[in-house]
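Visitor: Chains as they are written, first to last, in our numbering: chain A, 1 to 635; chain B, 1 to 537.
A couple of the hints might just be wrong.
Stated by the list, open to error - Output of the computed footprint for chain B on chain A, the stretches with three or more beta carbons under 8 angstroms from beta carbons of chain B:
1) 113-125
2) 172-186
3) 211-223
4) 228-234
Said to hold, decoys possible - As a list, the in silico EDC-like pairs of lysine to aspartate or glutamate whose alpha-carbon atoms are at most 16 angstroms apart:
5) K116(A) <-> D187(A)
6) K438(B) <-> D500(B)
7) K347(B) <-> D225(A)
8) K59(B) <-> D130(B)
9) K438(B) <-> D225(A)
10) K231(B) <-> D500(B)
11) K215(B) <-> E190(B)
12) K392(B) <-> D402(B)
13) K392(B) <-> D456(B)
14) K255(B) <-> D225(A)
15) K202(B) <-> E270(B)
16) K59(B) <-> D101(B)
17) K347(B) <-> E228(A)
18) K59(B) <-> E131(B)
19) K449(B) <-> D500(B)
20) K438(B) <-> E228(A)
21) K25(A) <-> E394(B)
22) K202(B) <-> E185(B)
What the hints assert, rightly or not - FRET-style restraints, in silico, Cβ to Cβ:
23) L468(A) <-> L517(B): 26 to 32 angstroms
24) V507(B) <-> P364(A): 47 to 53 angstroms
25) H223(A) <-> L471(B): 33 to 39 angstroms
26) T573(A) <-> E534(B): 19 to 25 angstroms
27) E328(B) <-> H229(A): 50 to 56 angstroms
28) P326(B) <-> H229(A): 21 to 27 angstroms
29) L517(B) <-> G61(A): 33 to 39 angstroms
30) R99(A) <-> S252(B): 50 to 56 angstroms
31) P337(B) <-> R99(A): 49 to 55 angstroms
32) H453(B) <-> G61(A): 29 to 35 angstroms
33) S502(B) <-> E108(A): 43 to 49 angstroms
Hints in this document: simulated from the structure, not taken from any laboratory. Quick reminder that beta carbons are idealized off the backbone N, C-alpha and C, glycines included.
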Amino acid sequence: MDRIRGFLMRPRRPGANVARLRRRKQLAAYLHRNLTKLTSALFIIGYAWMLLIPIPLLSRGTYIDENALQPAQVNTYWNWGNVHTADLQLYQLDGIRERNFTSEQRAEFFRTEFSKLGLAASIQNYTFSTSKGTISGNNAYAVMSSPRAAGTEAMVISASWLSTAGHGALNLRGISTVLSLAAFLKDYSLWAKDIIFIISDDYLHGMHAWLNAYHGTIPSNLHTDPLEHTSGVIWTALNIDYSSHSFSHLGVFHEGLNGRLPNQDLINSFRLISHYTGGVPMTVYDHLEPSDAVDRLPEQSVFPSWVPPFIQQSPQLQQYGYRVRNVIRHIGYQARGMCSGVHGLMHQFRIDAITLFAVPADGPHGFHALGKIVESTLRTMNNLLERLHASFFFYILTSPGTFMKIGMFLPSAILVSVAMLFKGLGEWVTAGWVCEMSEASLKGNETEKPSPAKGTWRNRRRPLLSALIVVVATHVLGVLVFNLICSRWFAKYPSFLAPAIFVAVSVIPPILLPLLSTNAPEAAPTSMLLKSSNLCLASTVISIMSLLNFSLAAMLAITMGVPLATSYTSSSTMTTHLRYAGYCMLAWGWLVLVPGEVESAIWNWEVLGVWFAPFICIVYAPLVMQAAIVCLQGS
Amino acid sequence: MRRASIWIFLACLCIPSFALYRGEIYSEDLRIQPLRDGRVSTTFSFITVLEGAVPRNPKALGQLDESQHYALFPLTLGQILREYAITELHLTLNAGKWNYDNWGHPHEAGVGTGAELWAWMGASEVTTVDERWSGLRNALSGLFCASLGSLDSRRTLSPTVAFPLSGSTPTFAPHELRHASLPSESVCTENLTPFLKLLPCKSHAGLAALLNPQKVFDADWHGMGIHVTWKEDTGVELKLTLQAVFNPVRTSAGKRRDWNLQSLFDRSIERSCPVASSSSVTVILPEEKGYQITPENPAHINGLVIYDLSSSSNFTIPSNIAMYWPSEHSFQYPLPPLTPVTPLSVKRTIHGTTQTRGVLSISVTNNSPQEISAGYLEMMPALLTLWMHTLKVEINSQIRSDLLSGLKYHPPSPQSNDRLSPSMLQAVLTIPPKTTLKLSMEVNKAFLKYTEHPPDAMRGWDLPGAVFFPLPQSSHDTSSSYDWERIYTPTLLVDLPTPDFSMPYNVIILSCTLMTLIFGSIFNLLTRKWVVVEIQE
Chain A
1 MDRIRGFLMR PRRPGANVAR LRRRKQLAAY LHRNLTKLTS ALFIIGYAWM
51 LLIPIPLLSR GTYIDENALQ PAQVNTYWNW GNVHTADLQL YQLDGIRERN
101 FTSEQRAEFF RTEFSKLGLA ASIQNYTFST SKGTISGNNA YAVMSSPRAA
151 GTEAMVISAS WLSTAGHGAL NLRGISTVLS LAAFLKDYSL WAKDIIFIIS
201 DDYLHGMHAW LNAYHGTIPS NLHTDPLEHT SGVIWTALNI DYSSHSFSHL
251 GVFHEGLNGR LPNQDLINSF RLISHYTGGV PMTVYDHLEP SDAVDRLPEQ
301 SVFPSWVPPF IQQSPQLQQY GYRVRNVIRH IGYQARGMCS GVHGLMHQFR
351 IDAITLFAVP ADGPHGFHAL GKIVESTLRT MNNLLERLHA SFFFYILTSP
401 GTFMKIGMFL PSAILVSVAM LFKGLGEWVT AGWVCEMSEA SLKGNETEKP
451 SPAKGTWRNR RRPLLSALIV VVATHVLGVL VFNLICSRWF AKYPSFLAPA
501 IFVAVSVIPP ILLPLLSTNA PEAAPTSMLL KSSNLCLAST VISIMSLLNF
551 SLAAMLAITM GVPLATSYTS SSTMTTHLRY AGYCMLAWGW LVLVPGEVES
601 AIWNWEVLGV WFAPFICIVY APLVMQAAIV CLQGS
Chain B
1 MRRASIWIFL ACLCIPSFAL YRGEIYSEDL RIQPLRDGRV STTFSFITVL
51 EGAVPRNPKA LGQLDESQHY ALFPLTLGQI LREYAITELH LTLNAGKWNY
101 DNWGHPHEAG VGTGAELWAW MGASEVTTVD ERWSGLRNAL SGLFCASLGS
151 LDSRRTLSPT VAFPLSGSTP TFAPHELRHA SLPSESVCTE NLTPFLKLLP
201 CKSHAGLAAL LNPQKVFDAD WHGMGIHVTW KEDTGVELKL TLQAVFNPVR
251 TSAGKRRDWN LQSLFDRSIE RSCPVASSSS VTVILPEEKG YQITPENPAH
301 INGLVIYDLS SSSNFTIPSN IAMYWPSEHS FQYPLPPLTP VTPLSVKRTI
351 HGTTQTRGVL SISVTNNSPQ EISAGYLEMM PALLTLWMHT LKVEINSQIR
401 SDLLSGLKYH PPSPQSNDRL SPSMLQAVLT IPPKTTLKLS MEVNKAFLKY
451 TEHPPDAMRG WDLPGAVFFP LPQSSHDTSS SYDWERIYTP TLLVDLPTPD
501 FSMPYNVIIL SCTLMTLIFG SIFNLLTRKW VVVEIQE
């Protein structure tokens, strides 16, 4: 203790404090002098890093982290007799499709099929009310109580009526797999967890209604009765999507709502099981690896057709191109908060789930391989003593066998965000100083430009109020726009209202701006303060988002990074107006340019609760609009 | 020849001992009931009666006990009962979820998942009831190889209304109940072996010879129970029960529900237990026709077929009792709508997805045309806090608070060892005929210290099932003729806020760094002397 006290109370050299303060001042001055260089370097490194995300060097091989899983270590019992059951089910389902059964009739059929197996089966009716009217449907589900177990944990196998493949493709083979698996799995006493079979209506909303009813978190726009049969806590789930005649690969879709991902152990165990038990290679999405894609159709090639052949044939570039496709697809799902399949609805309930997508091909695999793989995967999931927690929750799957850890991709967005922060702080410091020319120097050198070196620097006030008013007003405007596009009118007349809203939000700021009291001439101009606060705010948003949803943060860094950092007040009216229009396009242009995306984002928000639409309206667009107002304020 | 002579010699040794301990009667029984979902429920009960015996008076615990000489009654258990002066004891170890809707009420009511132990003990000044309860738990956990030792004060309660004395009440002392349950206890061979050792013939002869662990533990549901009761007119009765629900449709090749003793147990009764005063197999016949049963027995009484296996009867041993449905190709499951077999069916879940709060909801359906009043008992470990003000009783989304009466709630109370006892909620629910009553209340999940988490922290915590019990007849009018026993709901798994135990060092390092930075800068600001320093440019 005495030594510590002695150390703290030790006599200082008299000049030490002065020297330290001077050093600090010099460093700050150095940084400020080179601020442009520093931020440019950070921007360049950040964006270059984003481009480098797909290179194989930054990825590493996947591995199983949870010892209990023991993937592909069991003998499977699924045989050709069960394949025959699945074929019979498929025959019946084909009949259902031809006779155009209604949703109720279909659900009743599935319920009867499950009841014939002696499972506790039931139907769930549900209705969602959205701005575009009501959506209703019927889910059929069955609970297989595991023998000897308390039924406190459960696994889910599900298939939706519509397939991920789109174009109204029906997931008939996926459903017959679920039905025949139900008949097969109940004959074994080795299950330690209950198994829940779900055949959900439509594509996404059926499962969403079921999950909400199961967990008792029924949103206000959903009307459904409590489920008749329940089981324990669901830990893991597999969603089967098999719409084509046969398949060559099994694709894994893993993105969930609002950027959630399942534990990587699930994907890794599935990959091993698919490879070793079923002999089916796994792919990420429906992208075939370059080595597999040799005899594929041109549209499945990694590169577009205009790329010169020497690039198309280079294995390294092919590999890079393949990974670029995977990463872009991943970012496309994750940044928009969309789920890439029915499994994605489960992540919000702490259920680790993936979709197995049978990649359409002429062969060679079918029910036999799929049944074996699903059985073995269920056995692996059955081994779990705890929730999946050991492996990664933040990753980018660049190829089936490689992934990127968070530390390998996160810095790219963070660097851009840091650059914006430096820029904003630099602007704040600049706003606090004004260079005053002495009378003599002004008179003496009228021809020369007044250089700051000859003037004297003076502190000035930085009243933030007017800048803050602009910030608050833009965000309030964002809330208004968001309410408007979620209203029933917008759903009715989107083609008229979307351009109208776009024009309104672009015209309102220039009209209202003159009403804003500008800062006194001796104080810092509002535009500088607004730019500073805008950059700091945007930087904070990006760095926070990067922890929740990297893809969204990367997209924000790309769309907001340079534009926000380069907003300035121009002296010419023409450039000012052009720049303002550009920023308006960046902020609200999506209203006019991508009406389909707008519609799906609103649907996702209203039905599935995806935060993308409110985020864009309330956070992103107002931030860009603030940069637009910075441009206006000079004129 | 030589072996036979040894047997004769042993038998001669045994005969005088029967004469000596005439006060002990042993009888065994097996009830087999085919269920409507193709399963077969079997209940073994082995009853030993110590005639004229009286439980030990706890006031005499300090004195030397009378000597214990038993021929049939298991000494190991007898010693425990005398040592801790237990008047009544019930221990059940079950695996699986009893499906009341399809299987009806079990022959032995105690079917709660996991381990359940309750004992009635006389109070005395010599040693407190809690001390003896702790000793009893540890002794039984040693005897049955079960984790009963962990049924400590965090799980012990005294719900006297739901678990009354089933025998007579001794007059020598006021009696107290201790009840605890452990839903996560799993039951397996290591529990069956000591169970069989308590039987006079072990598993060598008599009905117990059928108890093949490989088959019993493959059953859809299995459980064993030890029940010691005292009745004033007969004495101390020890009833060992073993129930199992087999699924012949699953195990047979043709998916048929036919069963016989050989196919169910993969063993047969070679010889009867010589000390058993009675030994019988009772088959409860299903209501629908179309079955055949062998061997043909004329004694059909009230839908029962009774086979007497005791050595005195002329029934031939070995026997294989079989039941089959000759006209059925493979078993067809009954299709919905299925009305539950029991008049009362109960479902219980915890809703909500967060780790901090949830909603405990119970739905009770009365399937009978009469109103049923049922006691509802919730024994919740202090992991969950029940919020009584959020308790809602609803029928078809309409609040019906009038259907809930006699509400008693004991919040968790701190014990001497700094642990919290469970909370106990007890109420009487009146369920109108053919309706579903929903009861829900909000719960808070406890934030535990990191040392209190189990090694498999990410699994969650098992919560014991709720109990529905018939009310004592006195407070209960005779209009409801439904005669029933306790109903246990399935257990629940609840996720509590769990730290990331997979990387404790990362977490410790990160949080310590953060703490140091925050503390350091604030400490610096608080202790620094602020002076003006002139810097010459």
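Visitor: Is the coverage entry for the stretch 228-234 of chain A by chain B consistent with the three-residue Cβ rule at 8 angstroms?
Guide: holds (count 3)
Visitor: Keeping to a limit of 16 angstroms between CA atoms, is the pair of K25(A) and E394(B) held or broken?
Guide: Violated - the C-alpha atoms of E394(B) and K25(A) are around 71 angstroms apart, more than 16 angstroms.
Visitor: Hint says 33 to 39 angstroms; check whether the CB-CB distance for L517(B) and G61(A) agrees.
Guide: 36 angstroms, holds
Visitor: Does the structure keep K438(B) and D500(B) at a Cα separation of 16 angstroms or less?
Guide: 36 angstroms, violated
Visitor: Given the hinted pair K202(B) and E185(B), is their alpha-carbon gap at most 16 angstroms?
Guide: Roughly 25 angstroms separates the two Cα atoms, so the pair is violated.
Visitor: Between the beta carbons of P337(B) and R99(A), is the distance compatible with 49 to 55 angstroms?
Guide: For P337(B) and R99(A) the Cβ distance comes to about 25 angstroms; the hint is violated.
Visitor: For the pair supplied as a hint, K59(B) and E131(B), confirm whether the alpha-carbon distance does not exceed 16 angstroms.
Guide: Status holds; Cα separation ~14 angstroms.
Visitor: For a C-alpha distance cap of 16 angstroms, please report whether K215(B) and E190(B) respect it.
Guide: Answer holds: K215(B) to E190(B) is near 15 angstroms, not above 16 angstroms.
Visitor: For the pair supplied as a hint, K255(B) and D225(A), is the alpha-carbon distance within the 16 angstroms limit?
Guide: Not satisfied, since the Cα-Cα distance of roughly 35 angstroms exceeds 16 angstroms.
Visitor: Tell me if the straight-line CA distance from K59(B) to D130(B) falls inside 16 angstroms.
Guide: 15 angstroms, holds
Visitor: Taken at face value, is the distance from the CA of E228(A) to the CA of K438(B) at most 16 angstroms?
Guide: Between K438(B) and E228(A) the Cα gap is close to 13 angstroms, so the pair holds against 16 angstroms.
Visitor: Just to be sure I understand the hint, the distance between the Cβ atoms of R99(A) and S252(B) should be within 50 to 56 angstroms; is that true here?
Guide: 36 angstroms, violated
Hint compliance for this structure: hints 2, 6, 10, 13, 14, 16, 21, 22, 26, 27, 28, 30 and 31 are broken, all remaining hints hold.
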